[in-house]
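J.: Following the hints, put chain B in place on chain A, whose structure we already have.
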Amino acid sequence: MRKWQALIAAVFLSTALFVPFLVSTDYTLQILFRVFLFAALGLAWNLVGGYAGQLSLGHAAYFGVGAYGLALFSKLGISPWASVFLGVVLAMISAAMIGIVSFRLRGPYFALCTIAFAEVLRLVAKNLPSVTGGDVGMQVPLLFTHSTIRFFYWAGVLLTAFAFALSAWIERSRFGYYLMAIREDQDTALSVGVNATRCKLWALVISAAITGLGGALYASMFLFIVPDQVPAMDISTEIAIVAMLGGAGSLLGPLLGSVVLESASEIFKNVFKEANLLIYGVLIVVVVLFMPEGIVGAITRKLSLFKKAPTAPFAAPLPVSAEEESERMVLNK
Amino acid sequence: MVNWLYVALQAILNGLLTGALYALIGMGMALIFGVMRIVNFAHGAFLMLGMYATYVLFQATGGSPYYQFPVAGILLFVVGYATYMVLLRPIRGQVDFMVILLTMGLALILTDGAQLIFGADYHQINIPLLSRNIHLGSQISLNAPWLVSFAIALVLACALYWVVTHTMFGRAARAIAQNPYAAPLMGINVNRVQAISFGIGSAAAGIAGALLLPVFYLFPEVGNQFKLKSFVMVVLGGMGSIQGAAIAGLVLGVVESLTSLYWGNEWALAVDFVLFILVLSLKPSGIFGSQRA
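These protein sequence lines map, in sequence, to chains A and B. Take the position in the first sequence, starting the count at 1, then add 337; the result is the number in my numbering. Take the position in the second sequence, starting the count at 1, then add 44; the result is the number in my numbering.
If you're looking for bench data, these hints aren't it; they were derived computationally from the structure. A few of these clues could be false.
As the list claims (entries may be wrong) - What follows is a list of derived Cβ distance ranges for each label pair:
(1) S528(A) - N233(B): 43 to 51 Å
(2) W506(A) - I135(B): 28 to 36 Å
(3) K340(A) - N233(B): 30 to 38 Å
What the hints assert, rightly or not - Among the chain B residues that face chain A by a calculated CB cut under 7 Å, a handful are:
(4) V51
(5) A55
(6) V130
(7) M142
(8) L145
(9) L146
Note that the Cβ used here is the ideal one computed from N, Cα and C, for glycine as well.
This is chain A alone, in the form it adopts within the complex:
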């Protein structure tokens, strides 16, 4: 199954490289850029949320740091590409710092903590007009000055390909197995000598690097960023939903999720105008209720129905005593 997924993705992504020669309008290309950007972000999120099973709802923080990094460093006179690099480094550093605090927590507390960090970053960007322009926003330099949209599109496809290859490699590595062990049962993983905190931190830092790069691309594409749009809760949610919809913890999931979600949102944008997030809500509810393993998971289960018993990616925890549970839920020991 894994080989097939890799093959499908390789064919899909290499075909995607030729699309700009067939598509004439910039608008279509811009939408396709968004599809691939969010596929890459979903793949990045998948390292933490899918393989390691840590529901991060604050990936907008790294997205925002990448975007604002590009804008701020180039304002200081550093060349755009060097600024992208510095922004990504900054995103990785902030991921390490956020991770050190939030990985001490479990379950819903972890999710809430990541939201809090992303919101603090948004509010800081909003409330320091002398540095970030505040609500007015900030100008971002253009990374590609020649046939702009095409190059952004290609950059998006390449970022997705990179994120995919990295995920495929991690999935088969020792590190990947550690992450999945943590997801299945952190206490057992700890007991067999997995350094859970360090593994999760590395996963988050790698994830943040890709997310930060995505943020920089996004910002440069639109030339302008405002705090309520770039490190916003909506971005965090969208990234998580893309991966969950396709199938968290699977290689092809985020790619498929992004294609489905972004095209659905594009179609519904014309129907519902400003209320286009409605379709996100409906998709989330449907996925959670009817296919908790995501689209890829549901297909895989259908295909392998006669081969082996289906396994749920996220098993419900075994009952434990109340005190033990309430302690386990909050703190990682």
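T.: Here is chain B on its own, set in the frame of chain A:
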């Protein structure tokens, strides 16, 4: 004379008035969290529903939200009860991951549904009480609508506390919070108690919305900030302790008010989150004791 003292006192009093409404929102969230271990991301959307319901009612009848708030409460109780029965019950036992996502999805549906029906415009209502102020001495004045909502919120908060501590329902709810595996063995109908808890928690948010309507702007995304604040309160108050969440609400109101006074209004929410992160990382059992509802 000691002018700064009056200014600070005024800010603290204003903070307490706001805090009572926060407390109501936080207690609703804490009840849900305590009994079900569900972080309800739709809590803000429920508050928004309560506001719109009261707004529609006000447009139709012209009556003050201060005596029409029970309508929002009843409506939101039904919505909460139905949400539990239709959406949450089927996925009980799944990891909290899924529950968080589901309530997030529900919040998006409600928020954008409201946007579809009512549009993205800001609304405000005007009642005569709004312009009344009550003066305490020469330096301090309190806005009458806030005072009324403070009184109502206080009564309701006490009533909720009484229900949880003194009724059979409350006893069952506390039993489930204490041990969800032993409670059904003692003959508690877990589904029913959880559904009612979810209904009551949602009703608290809806009533808070109704009480906020006269003193706040109404727009589809109004609930988001209150949702985030209710997370802060639940954590500050200590996992699912409803009295903890109530105190946390008052504290949050005062902290925000003082932050606004000395640093500016725009930093209030940021201070909330910093407080939240500090509590989570330093004393995750909450700052108001470890006793749970």
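J.: Taking the hints in turn, state whether each one holds.
T.: Evaluation of the provided hints:
1. S528(A) - N233(B): 43 to 51 Å: The hint (43 to 51 Å, Cβ to Cβ) is violated, given that S528(A) and N233(B) are roughly 37 Å apart.
2. W506(A) - I135(B): 28 to 36 Å: Once the Cβ atoms are compared, 33 Å apart, the range 28 to 36 Å for I135(B) and W506(A) holds.
3. K340(A) - N233(B): 30 to 38 Å: The hint (30 to 38 Å, Cβ to Cβ) is violated, given that K340(A) and N233(B) are roughly 50 Å apart.
4. V51: 22 Å, violated
5. A55: 19 Å, violated
6. V130: Not OK, violated: V130(B) not within 7 Å of chain A, min 9 Å.
7. M142: Because about 5 Å separates M142(B) from the closest Cβ in chain A, which is inside the 7 Å limit, the hint holds.
8. L145: Hint holds; L145(B) Cβ to chain A Cβ min 5 Å, cut 7 Å.
9. L146: Since the shortest Cβ distance to chain A is 4 Å, the answer is holds.
When held up to the earlier numbered hints, the structure conflicts with 1, 3, 4, 5, 6 and fits the remainder.
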